[in-house]
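Work the whole structure out from these sequences, hints included.
Protein chains in written order, with this note's numbering: chain G, 1 to 224; chain L, 1 to 84.
Keep in mind that the hints were calculated from the coordinates and are not lab data. Please note: incorrect hints may appear among the correct ones.
Claimed, not checked - Using 16 Å as the maximum straight-line C-alpha spacing, the simulated EDC-like pairs for lysine to aspartate or glutamate come out as follows:
| hint | chain 1 | residue 1 | chain 2 | residue 2 |
| --- | --- | --- | --- | --- |
| 1 | G | K199 | L | E59 |
| 2 | G | K91 | L | E28 |
| 3 | G | K91 | G | E30 |
| 4 | G | K199 | G | D171 |
| 5 | G | K199 | L | E29 |
| 6 | G | K91 | L | E29 |
| 7 | G | K199 | G | D184 |
| 8 | G | K199 | L | E28 |
Computed from a predicted structure; not experimentally measured.
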Amino acid sequence: MVPATMAMPMTTKIRSGGPSADDSSQLWLERLAPSSPEREAAVVELHALLLSAARFEVNRRRDELPHLRGDDHEDLAQQSADDALMAILRKLDDFRGESRFTTWAYKFALLEAAVKVRQRAWQGREIPLEEEGWAVLADVAAPAQRQAEDAELFGALREEIARGLTARQRDVLVAVTLNEVPIDVLAERLGSTRGALYKTLHDARRNLRAALRERGFQLGAGEE
Amino acid sequence: MNDPDRPTSPAEVLARLLGPSGAELSCEECFAQLDRYVELSIAQANPDQQVPGMRAHLEGCPACEEDFRSLRALLESHGGSTSR
Chain G
1 MVPATMAMPM TTKIRSGGPS ADDSSQLWLE RLAPSSPERE AAVVELHALL
51 LSAARFEVNR RRDELPHLRG DDHEDLAQQS ADDALMAILR KLDDFRGESR
101 FTTWAYKFAL LEAAVKVRQR AWQGREIPLE EEGWAVLADV AAPAQRQAED
151 AELFGALREE IARGLTARQR DVLVAVTLNE VPIDVLAERL GSTRGALYKT
201 LHDARRNLRA ALRERGFQLG AGEE
Chain L
1 MNDPDRPTSP AEVLARLLGP SGAELSCEEC FAQLDRYVEL SIAQANPDQQ
51 VPGMRAHLEG CPACEEDFRS LRALLESHGG STSR
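Next comes the structure, spelled out in structure tokens:
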């Protein structure tokens, strides 16, 4: 279903300075323009494309939602398509013609569907405690199973995570990297955004690398 | 904890904890460039040279990496053409 209220884009031309859009993309922009007599039909067509993308994503993630019925999957896809359509109509002016218009539009539907599936999968579940993350570290660092230098490195990592990071950095790092909490789910619980939490994670990682270097650990070629 | 889905390799855990080295895009920049990057990837048109910092970000951010894989899979399911 197409939402009744839609934001109206102010322009229909691709911004100057970017590549020129292909004919198909330019046609989409012209048809979606507020003054276009074809706008209503174009919006319906766009919604159908977004719904197909959302169904594709929900279907790919079906295993994450074993408790849902078929109708629930379809509801998630419909909600995702509706929200993606709203976002796209708000942001039409951001389309720079650097890809096909449909590729640009699909990413909104896939994002909405992926986030909704993750959030539904974690609905009612508690975020794992920090201690569970430490258990992951302890498992991989078990001296009996690993090289001594691994045990030393992981011991130092644990110390630096505990004392070298802020509480927020530690919470995000442990939840996302050790306990595998999806960053979108964590963002929802913390009233934040994926981008803001990733910045926190990035800063935590940078601090850890610096601390390990200072302690004389040589990180692999891929780390520095 | 013996969750079979959890990483058990020290290298894997280390990579998750320390993330990519060097410059990387933010999540917002990644989303803004994702459609272009995926089309370049499918066309094998040097996506990493044309969108610096994207590869590192996808290595460090599981959610954005999933978005990349989903968009690529969707386009490939349509035949993978990026012609205009």
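Practice item. Please work out if K199 (chain G) and E59 (chain L) have their alpha carbons no farther apart than 16 Å. Key: holds, 15 Å
Point to revise | K199 (chain G) paired with E29 (chain L) [C-alpha distance capped at 16 Å] | key: holds, 12 Å
Check your understanding: Straight-line Cα separation of K91 (chain G) and E29 (chain L) no greater than 16 Å?
Key -> Judged against 16 Å, a Cα distance of about 15 Å means the pair holds.
**Study point:** Given pair status - D171 (chain G), K199 (chain G), alpha carbons within 16 Å
**Key:** It holds: about 13 Å lies between the C-alpha atoms, which stays within 16 Å.
**Study point:** Restraint check for K91 (chain G) with E30 (chain G), where alpha carbons must lie at most 16 Å apart
**Key:** Answer holds: K91 (chain G) to E30 (chain G) is near 15 Å, not above 16 Å.
Review point. Do the alpha carbons of K199 (chain G) and E28 (chain L) lie within 16 Å of each other, as the hint requires?
Key: holds, 11 Å
Check your understanding: Does D184 (chain G) lie within 16 Å of K199 (chain G) when you go C-alpha to C-alpha?
Key -> holds, 13 Å
Point to revise | Pair hint outcome, K91 (chain G) versus E28 (chain L) [Cα-Cα no greater than 16 Å] | key: Given that 16 Å is the threshold and the Cα spacing comes to 14 Å, the pair holds.
In this structure, none of the earlier numbered hints is contradicted; all agree with it.
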